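Visitor: Sequence:
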Amino acid sequence: MGAETKSSTFSREQRTRYRERLVENLETFDRLLSTSQFADQRSIGLELELNLVDEQFRPTLRNAAVLDEIANPAFQTEIGAYNIELNHPALHIAGAGLLRLEDGLRDHLNVAERSARKAGAGILMVGILPTITRELIDDDNWMSPEKRYAALNTSVLQARGEDVLIDIKGIEQLRFYARSVAPEAACTSVQLHLQLPPRDFAGAWNASQIIAGPQLALAANSPVFMEKLLWHESRIEVFKQSIDTRPPEMRNQGVRPRVWFGERWITSVFDLFEENVRYFPALLPETAEESGVGSQTSHGVPLLHELRLHNGTVYRWNRPIIDPHGDIPHLRVENRLLPAGPTVLDTVANAAFYYGLVAKLRRADRPLWTRMSFRTAADNFLACARDGLEASVYWPGVGDVPVDELLMRQLLPTAAEGLRLLEVDEDLIDRYMTVLRERTVNGQNGAAWQLSAVRSLEAGGLDRREALHSMTAAYSHRMHTNHPVHEWAPV
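Just so you know, we're using our numbering here: the sequence shown kicks off at 3 and counts up by one.
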């Protein structure tokens, strides 16, 4: 979805031609995996989606002005006009790589914050901005102007044939119809990238799927949407429902959603692209010729334009990426399930947990996914999205267990072992694992802090909207201190 499209609507002829090209791309990709060399640098990367707020911490539709002030190609638009995205350069995790990531994020965000202020905005890292209201969802100007966003919105609504229903039962209940995919823009995430050669991809993806629940419980930071207290990580369900192309009848028939956890362990990265083509109609059926991008890189590698564009409209929580650019093509897992924030330090600690745990688990002689059904991993994921660190999960060799106990006894020590395998400096392993242990022990991730703050402010006499604004102001202040969220004082 990062590439611009030329059109916002598409004809039947375009869809037919695109389908044929998509199948050709898939066959070409299969041959590439068998015959071509792929990069084996094992680098890491990170994308961070950000909210823009005004002086009252309400969303402000000023991303064009803010990006003009920042004037750095590392920052780009997102679908919402109150969002921007930071793409941190790839680096190697060994040695002080995680510290370079932390320092780089902080430096980029400090510059961006100063630039945003000149454009009349502030920057907030949070999974869902708590001050979003129905007025924003209904605002005709909510979307960034790029054609690819308009095309996505049009395609989703045409496929549904009706308005977008948001219906979530959590601590409270929220149900309403949106005239567009505007609720999707509320969901701001951290996306972790892990580059791997084809032989290691399946193990890394399977490991990413099996740890998704505990990973999300540890980092939950999206308990509020549309002024309702919902799931600890409401972003998961809001995102799924926002771009659901299925009307109720198709859901009742078991048609797969485009925001998809998946349904099976894999043996090759090809499995995932083949599923994409087999199960999901095209949303943006624009061929390479129509986009003007050509068919090959300067090194003669097929661009696979149609396959890559289609992959960008199937929203797996762990998405496979094929990147043909550079001297040789490379593959990576894009881990998309974490919310933004609360702080840079928390963000990098969450990244350390993911990279370390995947590194250790994918090397196991008897992998965990041979001892757990895929459905159980999906159930764990939803339980942790709903309940955060208060969730219980099933784990091989343990059975049903509170997720905080599983983290303390098994997963955090395993992540530390994985970071050692990756040759991360020992003092940095201690730095980031300490943050995660303390967060787990006191049960205060971003979601828990937000929920506690809102309840405290309401008990003090504020109504819900006032409480959310006061909480968001307090959140912003604490975010800028970069003290990890487990140390945040109550409001």
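No lab work stands behind these hints, which were simulated from the structure alone.
No experiment lies behind these values; they were computed from the predicted model shown.
Treat the hints with care, as some may be off.
To be verified - DSSO-like cross-link-like pairs, simulated, lysine-lysine; straight-line CA separation at most 27 Å:
#1 K149 x K242
#2 K242 x K230
#3 K149 x K230
#4 K120 x K171
Visitor: Against the 27 Å threshold, does the CA-CA distance of K120 and K171 hold or violate the hint?
Guide: violated (40 Å)
Visitor: Regarding the pair K149 and K230, is the alpha-carbon distance no greater than 27 Å?
Guide: Status violated; Cα separation ~32 Å.
Visitor: Is the straight-line distance between the alpha-carbon of K242 and that of K230 27 Å or less?
Guide: holds (18 Å)
Visitor: Mind checking the alpha carbons of K149 and K242 for me, to see if they're no more than 27 Å apart?
Guide: holds (22 Å)
In this structure, the hints that do not hold are numbers 3, 4, in rising order.
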